[in-house]
Amino acid sequence: MTLEWKHATDDVDWEELSALYRAAPLGEKPPLHLQKVFSNSMFKCFVHEDTKLVAAGRALADGGDCSRPARNRIAQQWEHPSLEVPRCAQPTR
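For the sequence shown, the working numbering assigns the number 1080 to the last residue and increments by one with no breaks.
Each hint should be verified, as a subset may be incorrect.
Dumping the calculated DSS-like pairs for lysine-lysine here, alpha-carbon to alpha-carbon at most 30 Å [stated by the list, open to error]: (1) K993 to K1031; (2) K1039 to K1016; (3) K1031 to K1016.
I should point out that these hints are in silico values taken from the structure, not numbers from a laboratory. Keep in mind it's a predicted model, so treat the numbers as computed, not measured.
The whole structure should be built from the sequences, with the hints applied where relevant.
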């Protein structure tokens, strides 16, 4: 299995991301809402296994001091303690 990491919103299937949020479970997040918040985030990442979206994350960041993860989601089969993100991490691109 090959994972592909993307940091742009160009090819995101917002319906698929909405379904991932429901499966997480983080409740109902409409596709247009997710498109807005991810598009406005300085740091974001989408992970695909083949063509299926298996993880997504974004960080609230000011671009200068630190960033904070914002309800990042990963498909259950990929959850692992080593994938935890520190509460405050230096912003990187």
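Comparing the hints with the structure gives:
At roughly 8 Å between alpha-carbon atoms, K993 and K1031 fall within 30 Å of each other, so this suggested pair holds. For the suggested pair K1039 and K1016, the alpha carbons sit about 19 Å apart, so the restraint of at most 30 Å is met. Annotation: proposed proximity of K1031 to K1016 holds, straight-line Cα distance about 17 Å (limit 30 Å).
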